[in-house]
Structure formats: structure tokens, C-alpha cells
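Model the full assembly from the supplied sequences, consistent with the hints where possible.
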Amino acid sequence: MLGYLFSRLVSVIPVALGVSLICFLLVHIAPGDPLVAIMPIDATAEQEAEMRAVYGFDKPLPVQFGIWLSNAVQGDLGRSIATGRPVGPEVTRAVGNTLLLAAAASVIGFPLGIFFGFMAGYLRDTVWDRIITASAIAGVSTPNYWLGMVLVIIFSITWPLLPSMGAGPGGSGAWVWDWQHMRHLVLPAITLAVVPMGIVMRTTRALVSDILDQDFVQALYAKGMTRTGVLRHVARNAAPTALSVIGLQLGYLLGGSILIETVFNWPGSGYLLSVAILQRDLPMLQGTILVLAMFFVTLNLLVDIAQSMIDPRISRA
Amino acid sequence: MTFTTTPASVVIEVPAAPTVSYWAGVWHRLRRDPAALICAAILLALIFSATFAPWLGFADPYTGSMINRLKPIGTEGHILGTDELGRDMLSRLIYGGRLTLFLGITPVVTAFVIGTTLGLIAGYVGGWINALIMRVTDVFFAFPSVLLAIAISGALGAGIVNSLVSLTIVFIPPITRVAESVTASVRKLDYVDAARASGAGNFTIVRVQVLGNVLGPIFVYATSLTSVCMIISAGLSFLGLGVKPPEPEWGLMLNTLRTAIYINPWVAALPGMMIFITSLCLNLLSDGLRSAMNVRQ
Chain A
80 MLGYLFSRLV SVIPVALGVS LICFLLVHIA PGDPLVAIMP IDATAEQEAE
130 MRAVYGFDKP LPVQFGIWLS NAVQGDLGRS IATGRPVGPE VTRAVGNTLL
180 LAAAASVIGF PLGIFFGFMA GYLRDTVWDR IITASAIAGV STPNYWLGMV
230 LVIIFSITWP LLPSMGAGPG GSGAWVWDWQ HMRHLVLPAI TLAVVPMGIV
280 MRTTRALVSD ILDQDFVQAL YAKGMTRTGV LRHVARNAAP TALSVIGLQL
330 GYLLGGSILI ETVFNWPGSG YLLSVAILQR DLPMLQGTIL VLAMFFVTLN
380 LLVDIAQSMI DPRISRA
Chain B
53 MTFTTTPASV VIEVPAAPTV SYWAGVWHRL RRDPAALICA AILLALIFSA
103 TFAPWLGFAD PYTGSMINRL KPIGTEGHIL GTDELGRDML SRLIYGGRLT
153 LFLGITPVVT AFVIGTTLGL IAGYVGGWIN ALIMRVTDVF FAFPSVLLAI
203 AISGALGAGI VNSLVSLTIV FIPPITRVAE SVTASVRKLD YVDAARASGA
253 GNFTIVRVQV LGNVLGPIFV YATSLTSVCM IISAGLSFLG LGVKPPEPEW
303 GLMLNTLRTA IYINPWVAAL PGMMIFITSL CLNLLSDGLR SAMNVRQ
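Chains A and B, in that order, give the protein sequences.
When we follow this note's numbering, the leftmost residue of the first sequence carries the number 80, and every step to the right adds one.
When we follow this note's numbering, the leftmost residue of the second sequence carries the number 53, and every step to the right adds one.
Quick caveat, the hints were computed from the structure, so don't treat them as lab data.
All the given hints hold, so there is nothing to weed out.
Facing chain A, a subset of chain B residues (Cβ under 10 angstroms, in silico):
hint, residue
1, Val188
2, Phe193
3, Phe195
4, Leu199
5, Gly206
6, Leu208
7, Ala210
8, Leu309
9, Trp318
Ranges of calculated distance between the beta carbons of each label pair, as one might list FRET restraints:
hint, chain 1, residue 1, chain 2, residue 2, range
10, A, Asp257, B, Ile181, 56 to 62 angstroms
11, A, Leu100, B, Glu128, 54 to 60 angstroms
12, A, Asp292, B, Glu128, 55 to 61 angstroms
13, B, Leu267, A, Gln126, 53 to 59 angstroms
14, A, Asp294, B, Leu267, 30 to 36 angstroms
15, B, Ile90, A, Thr237, 29 to 35 angstroms
16, A, Val89, B, Ile125, 56 to 62 angstroms
17, B, Thr311, A, Thr162, 22 to 28 angstroms
18, B, Val72, A, Met304, 40 to 46 angstroms
19, B, Trp75, A, Thr237, 47 to 53 angstroms
20, A, Asp294, B, Trp75, 33 to 39 angstroms
21, A, Asp294, B, Ile181, 38 to 44 angstroms
22, A, Asp292, B, Ser233, 21 to 27 angstroms
23, A, Asp257, B, Arg83, 55 to 61 angstroms
Bear in mind that the values here come from a model prediction, so they are computed numbers and not experimental data.
Positions of the beta carbon are idealized from the N, C-alpha and C atoms, including for glycine.
Here it is in C-alpha cells:
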């Protein structure tokens, strides 16, 4: 177990390096000079060279990568080209809001997905199974940015029950755990939850229906175990795979939230990204992507470890 | 030569059984799946109307009149209403299918070709080449797909070509991974050894023994990616990263109509409805193909 833990931890290092390299290269695959957006048209050659030196663009690429990486490890993600402010603190604040939204979506999506998926697998080929399978595939097929608009049309415009914009009354950025703020979370969280819920439903259904076909289930019934007892065994067998799918979906919530945040003006990393894209603020884009990707890498690591704890076969392999 | 060739008279005559080809079998099973058939029909209709839109007598999707802007659904002459510049919605939705479907399908096809090649090489050759290809793939897997698409598109800037490039990059790693694992498992089977023993070279083995057996599962997997690809590419346009105005494209239309959501909400939601229906059909068809081809994943 310890050996597995260690090798899994070590294997993260090259992936994390690769991820940083890709994020670093984002600025350099961009067409044109990254400074063009902020340099005044009448800037002299000396002024341009000075700016270049300030941002470090005058050094060879591998050197730039080394400097950038060592800064990033220390939490310095560079300065925004649009505002000149440090990227790090802004990204941290925004990612906090994104995580809040993703957590809310997980609380809605995963338990429901597992419950209905389990039901469909257990009641295979009944009307319930068909209804659940159909709604799962509809959920998976939904462009969530559109679903967000539809929910706004229904619950904010037709019946003005819930707010459609921002993360709190009056566009305040600070989050407070009261109903005034939680109301703002309802629509974006539901929107974000629909696709992962569909995926979890489909996976759980397939898992449960596969496991019920196995001989040991017959054996358990034959020795007189109650239905609840058998279901407990089925759940235990489905857990590792279900967990890995949930972990993957948790990561996709971070990606999916980018579009949802744009729809609901939610002040998270997605909103930050869309502003950065609009202003062609490459350091901001780079920093946000790096932080989100690192979250995803860590999440995958945690899921793998949790999985090996539930299912001892994994760490022995 | 000490080997004796088998005398012709000893060859056992196998009675010609009525064999059904693999694809005939797939088609036979698919024909009994009403959901898949309906979806295929809807998709074909969408592709047909999008391809031949200029000859089907729809209104011009680029010109509108500002007097007739944001008409509701059911307006005379504009059955699905008009958009924020008074352009006919029905026409724009039909024309919009061109770019949306193109941007949904092309990256997956390209990624299918590249990913299958990489996966075949990695799975068949093994060793350090496998390690190299698969470790690079792992790095790309460390990004959620939407995030990676937005990152690359965000850096490259808006435009159709940039969208195509970023979406292709997003879908190569998953296809490579599936192709590698399928190839690696086929490679260990006895008939590959048999082919090698009978003197077949690597290229012949891959072409004859391996390719035919790995393409099915990879193909089914790739079809399940088309709906994801379409949703992401429309999402890129929705963020202002893909197609540029005034081109009709469902994601971009959804974005520009967002401002009209308080005036004429259901017209504003129409382009998303199209994305939803198309992606639902793609998913149901892919599910039908999967069970008809007996692929397990």
C-alpha cells in the first residue's frame, strides 16, 4: 500500500511538469507579440525593449520557462497585461468562487445520479429503467450554457423566483452563508450538475446491471441473504469504478463551470477567463488555466488513492 | 525440404454455410433499433438541409430589416421569428447547421485518424515508443476537455481554423488511449502469433490482423465524442472564441441573442434547442451503434 502510494505520488511530477509546460507555451503559440495589446502605437523601440525585459520576453524560451516555473511554484503567476496587477491573488479569489459552485453542483448531481443509476440498474428493463436511462442521455446531451439560459427564462423571467446574475445581492463579491446569497447559487449549480449527473447515472446503471449478472449474486441469494444484504454487496463492488467516474466528473465541473459562469455572471475563474480572452490578457489566461489544471491533477491523485483504499486489488497490481 | 505438402485429396471440404458479413449483421441489428433509426433520419435531414440550404428557398441568413427585429415565433413570413438584427431565424438555424455540424464532426474525424495511428504504433510497438506517446497523452489528460479547448483557443484567438485546431488537439489523447489499449490486447492474441509464424511482416500484421479488429471499438468511441465536440465547439463560439459574426452558427447565435432574452426569450433559446436535439441524436445513434457492433467499453 505504501509502495503504491509512493509510486503514485512520484508519477504526478512529470504530469505536473508537462501541464506547466503546456500552460507556459500558451503565451507563445499565440499569434503576434503578447505585448501588442498594451503598447501604445507611438511607443519607441527602446520603450518596447524595456517592456519586453520587464515581462522577460527577451530571454531564450527554455530560460523563460525556468524563470516562469520557479516563480509559479512560489505562487507568483506574473502580472496581468491588461491591469498590471499580479495574477495570483485574482486567480485565487476567483477559483474559490468556482470551487463553491462546483461543490454545490456535486452535492446536487452525484447523490441523485448514483441513486437513480442504482435504481435503473436494479430495475433493469422496467418502465423505471427506461425513464431514467432516457433522462440520463438527455442530460448528457445538454449544452449546459443553453440550459442555463432556459432556466433563467423560466425561473427569473417568466416566474421571477430566483436571481439570474452574480453571486450575491447588489453584485457583491464577498460570499456569506445566508439565503440572500444562496439564492444566487441555485440556478447555476443545477445547470452545472445536469451533465455530470447524467454521466454518473449511466455509469452506475451499467455497473449495477453487470454486477447483478455475476454468479456471486446468485450464490448470495441461494444462501438466503436478504435483498438489502445483496444490494450492499453490489454497492461495495460498484463503488471503486463509480468513485473514479465521480472524480473525473468533479474535474469536468471545473471546466464546465467556465461557460456557466459566463451565463450567470458568476465571479469565478470562468468569468476571469472570459474577460482575459476578451482583452487578450495572456498571463491572466495562463495563470487561471494552470491553477485549474493543477486542481484537476491533484483531484485525480486523491481519487486514485481513495480508490486503492476501497479496492485493495488496485494497489497490488 | 523435409516438409511434406498435404495432398489435395485430404483437404476437408467444408460445406458452404450461409455466412453473413459483419457489417450486414450490424445493419440487421441496427434496423431493429427504432431510436437509432429515428435519430439517423433526423441527422440526415439536418445535414441535407444544411448542405443544400441555398437551393431550398430559405430567406437570406445575412440580411434582415431593423423594423422586423425580434419578432416572436409564429410571425407571418418568419415562422420561427427574427433575431436581434431582424434576420429570419428559420433560415439562420438551417444555415447555422453548416458550421456547427462541420465544427462538431471534422475535429473528431481528424483526431480519429491521428489518434488511431498513434495508438496503433504505441500499442503494437510497445517499449519506449509506447512510453513516450502515452506519457505525452497523460499530460493532455490532466486538463478537463472544455478547459483545454478554451486554453488553446484563447491563446490562438477566435476563428474557425483555430477552433478546428484546438478541438482536434483535445480529442487526439482520448482516442489514442482507447486505440492503444485495444491494440495492446489484440496484439497478444494467438492469431497474431500465427500470422507472424507464417512469415507476415509487421506492416502486414497491422494491416490485416490488427487494424480490422481494433477499428470497430475505436470507431464507436469516436462517434460518442462527436456530440461532446459539437457542444464544446458551439461553446467556444458562445464565448466569442470560435466563429465570428455575422456567420450563422448555433453557439454564436445563442450568444448574440442573450441580450434579447428579456424581450423574446423563446426565440433566444432556439439555437441551443438545435444543439440539444442534434447532440441527443448523435448520442442515441452512437449507443445504437455500440450495441449493434457488440462493443463493450
